[in-house]
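Join the two chains into one complex using the hints; note that each chain is given alone, in its own frame.
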Amino acid sequence: MSSIKQQSQVTQLSANKSGAIFGGLTILLILLFILDLFLGSVTIRPGEIIRAIFNNSDETTRTILTQFRLPKAITALLVGIALSISGLQMQTLFRNPMAGPYVLGLSSGASLGVAFVILGFSSDLSPESIRGFGNWAIAAASWAGAGLVMLFIMIISSRIKNIMTVLILGIMLSSAISAIVSIMQYFSNETMLKAYIIWTMGSLGNLTASQLNVMIVSVAAGVILSLISVKMLNALLLGENYARSIGLDVKRSRFLIIAGTSILTGTITAFCGPIGFIGIAVPHLARIILRTSDHKILIPGTILAGALVMLLSDIISQMPGSDNTLPVNSVTALIGIPVVIWVILHDQRHRDIF
Amino acid sequence: MKFPDLIRNHFCVWQGLTRLVFTSVILFSCSGNTMKSPGNPETAQKPIVSHAKRFKIEKIEGYSQVSVLNPWQGARDIAQDWYLIRAGEKLPSFIDTLKVIRVPVKKIVCMSTTHLAMLSALGEAGSVAGFSGTRFIYNDTLLQRVNKGEIREVGYEDNLNKELILKLDPDLVMVYGIGSESTGYIGKLKEMGIRVLYNADYLEHDPLGKAEWIKLMGALCCKEKMADSIFSKIEKEYNKLKSYVSVNTRIRPKVLLGLPFRDTWYISPGNSYISRLIGDAGGEYLWKDTESSFSMPVGLENVFVKALTADYWLNTGSANSRSEIVSIDERLSQLECFKKGNLFNNNRRTGKDGGNDYWEGGSLNPHIILRDIASILHPDIFEGNELIYYRQLN
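For the record, the sequence lines run as chains G and A.
Mapping the first sequence onto my numbering, position 64 (from 1) lands on 64, and the numbers just tick up by one.
Each position in the second sequence, counted from 1, maps to that position plus 354 in my numbering.
If we strip away everything but chain A, and leave its shape as in the complex, we get (with noise of 0.2 Å):
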């Protein structure tokens, strides 16, 4: 916990020797010893995990211990910790065998794109055996390891291929939560024996804290220098684009979300990604007040009468262009954003079967999205950006 970089620099060292048969003893007394040379004081402070709510990483002598925390939407006070050790290191006696993972993970089935993405950011598309929903994946390396079967469809939810999932005999089924391990396929791939680490980044609120989830994915890798290195950039860049903006600019446009399922409008809460994103766009979501862990149902007129004042519309959904909204509810054309024109839908990127890169690329590219939102909501500072994962609905 206190000295993380010394014992990654140490994993380093004993690479070479991890077949060697070593006690504990040994192996904690080794690591005392690198511990006194100077690696790296500054960072030996700073915990692992700076932004992310979710999950925290600690290193220990000889392992590192992960806790997920709270992983699914509404759970309470649940931590699920993790033993990462090294391939063929002694497990300390203490330890429970059944919350030890054996790292680097050299097979994988994810549920969420937001993995693939990680994954392969840190170079490690190929451990990536299994994935659930394999059309919507927009990202071409992937798409060509599904086609040549590199890559197997285990199915969704209840209907996952649990046979497909045994017979991969992957290290790890990594997750996305919805519910408590309970409830549905979770429970039987853990009587499987199979290791299921739930992945809670897409409950993460703060941009960067979802883009923090690739230490987890450097710890599962032993690439932990790489995810910390990408991570600092994205950290980096963000912050830059964030104080530039809020140092030139004066007004903040008011900004819509969504689109309503008939006469209901699902809004996100105040306290939500995209709406953190607007926020430090500097925008002003309309509902930026409201406080919720889902969306929250609220009637047309109500969101129609709010969304009169609004500039700009994002994130429209379903629809792409103009004349879907009018299909949708003709009152719509009204609003003064509709008619400046000045409406824009997170979905440049979007593979033939609707896979959209906003999702999968995105949750590792919070600069580049609030990029796109500072530039739409102030094109006055962003002359000639030209915008990756928006576009303006004609």
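Pulled out of the complex, with its shape left as it was, chain G reads as follows (with noise of 0.2 Å):
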């Protein structure tokens, strides 16, 4: 722990400072959250907005705001912390900050479950019975791709030694499964195929009251998963053996952080679609503001970077003013891709604080 503090001590914020950082990015993901209530694909004048939360508007504004903004505000909340917060726990876990919250393949899986669902019907592998469910079969269907590949992962950390091993088959098995979805895309027909590259594109606007009580349910479990996790991430991030000689338990660690990992990742995916970026890039962010590289900042902070960078993503899809709208993980990649970059050209100021 003390090399820790030792090693980056040089940028290290004071506490005063990184109070007001967090107070900071509090404040402004209120508004944004606020904000994005008042955008939408619709122009409704604020005016009419604060009535309809004060109960005294016409019907269809108050529809809007309580069934199709709120729900997505925070859906674009949910999706926000849990991705970030998965790719942090990933970039620890395997010491690259490249790694993000798909790199062992759950979005593959979730990938396949839904193709199963979606591009079956063409090909005739799923069963005429399942298309009554709709978006539940899919979201199932989803986490079920998303839990064979995280028990297959589990399985396989507990017996291999290095880590990076692991990283390497979590590539293999994604490109495995994505082979097999493309032969399945192959053969579907074109309004199947449609809908499910839609799937692939990410959506934060069609969640059920029903299916954001079991988000929130399961992001709060990931959170909590991943805040038990802090001290395993601080002694993780100087390395295994580091960590073995300092007494902990390597594999068990391993065990917390991936389970962690998959609920918050694999409970996204079901419901929204695959969103990239967001857990590559905002972690380094909050890396970048916070300055530090203890888990016990780094995991707020990239709470409140993240839910800031996917509202202010679902703003941008939204175009408001305008009838169209843009595919939320476009916009995502979008911002998320000048922080990637960003971090490549840092990299020497940058590996000091990871």
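Hints are computed from structural coordinates only; laboratory data are not their basis.
Where a beta carbon is used, it is the ideal one built from N, C-alpha and C, also for glycine.
Any given hint might turn out to be false.
No farther apart than 27 Å at their CA atoms in a straight line, the calculated lysine-lysine pairs in the DSS-like style are these [what the hints assert, rightly or not]:
| hint | chain 1 | residue 1 | chain 2 | residue 2 |
| --- | --- | --- | --- | --- |
| 1 | A | 410 | A | 594 |
| 2 | A | 453 | A | 516 |
| 3 | A | 516 | G | 194 |
| 4 | G | 194 | A | 706 |
| 5 | A | 642 | G | 194 |
| 6 | A | 460 | A | 516 |
| 7 | G | 231 | G | 161 |
| 8 | A | 544 | A | 461 |
| 9 | A | 587 | A | 407 |
| 10 | A | 579 | A | 594 |
| 11 | A | 706 | A | 502 |
| 12 | G | 194 | A | 660 |
Which stretches of chain G does chain A cover? Using the computed rule of at least three CB atoms under 8 Å from a CB of chain A, they are [said to hold, decoys possible]:
| hint | segment |
| --- | --- |
| 13 | 30-43 |
| 14 | 190-201 |
This is how it looks when you write it as structure tokens:
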């Protein structure tokens, strides 16, 4: 522990300063959340929305606010939190700045599940009866796919000593799964293909209240797991050998961290599709802003930054004032890519923090 | 160009003599003689194609020239010319042989079910040797031919079985264009020396224009007269219905179309085929004022607000019941048209593998589709009418 502090002392901010940063981020988060409620593809005057909040406006505005914008804003918040924490944990676990929530193949697992549901109809693989479940069927299939991959990775990681081997196997596995999905895409008809492709683009806007509840519970569980693993993450940052030497049960830590990530990422992917770049970019953003590698500070920082970036992406993807919308995945990528490029260009300085 | 029907007569007169070798000079002079005989003075001035925007047929002495215009989405100023010349007749010297199609076409490979419907209507289903997506065919006669192996599956797009097509040795492969010739399989087919004719019927916005493509099939099969009479029946029927509706209705119910993909709703623009049908059926499509050559992605929230005023909801895509719509998005059940049960899908005639006759036979039956939609929107003036392509969601 002490060596972490020593290592990052050069750039560490004072407690006061980081307190101010947290305060600023929180205020910004609240502002963006409200802005997300005010802006959407339908233009509604701010006054009208405020009246709707206090329950005296016309039915339509209320419906839009309570059934479209509020669930979507909450979803954005949860997605940002979950994926950013997952990304942070994976980057620390693999000691690799380019790792992200999907590095273990969770998204390919989820996409395989979804492909079975959506594309399966045209290739006669899935029974007609699933059709009636709509969104829930997609979420369940996605969960099952991600869960299977998670199980596989867990088994491997409990047998293999070197974590890099786990990383390589994760990448291999996801390539293999992608190949299967490609074959299914190849043989499916256009409508199904379109439905699948749109799933891969990610969406925040069609969760029902019950699905949102499931998501809140899972994200809360994942966040609690990540808070439990703060010490392990800090120790792992210095390498598994070091962690072992200070008495950490490395395999158990791996298990906890992978489980937390899988719950977070699996749930988000199930309901919103694979949403890219947030998980890779936000942890770096948090490190840059907070100038620390201590997970006690980084995890709350990542939570705030993740929620912020995702809300911003959602606002942009709605393209306020226009009838059209953009897929949210493209927006997160366009925000995420500059961050990643910045990380690469500043690698030297960045190493210190990482 | 000036005397299309006379030339057609000329074809019939000379049909038996095509094996004889004539010089083109003699042919022209013969047709010149027949021109003077009193044939069809009325139709002589009318262009052969009147509603379709994407093709033209011109009758010139001894052959007809077909131009397919802008055959794929986004194409600009592209005209693909073909010369349809009777088998055995000598080619006029100025014609590029690569652009010649010998008619009647005896063996054809098609890519779209609309092509099949039109060939069937002309009694030429027997000339179909290969098809892309045989399991999506609805027509029973054609399906039987598929089962007997008389129509072979040629595969899809880049997965096209080019060897099989080469072996089938068709006179013509009729494709629909997603992109230009250089993209995908079309260039390859051409390289193999196969005649590839673009059929752009799916790009026609006018329902009658779409049906009019039967005239191209007629020209290819040397059944112009039959194609003309089929089309004029459709045209007459369609216009009769259209004026019946406009005379007898005052309110125009508002219509919502389609189904969202997650939180995006792809909206057919106001200049689309279906928007035209709804307008002619006495309805008002919610997005009738939009114009685009593609479906437009619109946010769910936006569609929802607009859809609150909709009286009817048509073409619900993959949803076959109200409960499926609820499972896709619960919020949609709050729409007035949903509560009233005014939901109709265009898949009454669907085969077991999902082949939908609305797209197949329907392309040649715009008048029947029009009657379906009009009777849905205005049940009072269509009492006792039975739906053919549409069905109500339960």
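Quiz item: What hint numbers does the structure not satisfy?
Solution: none
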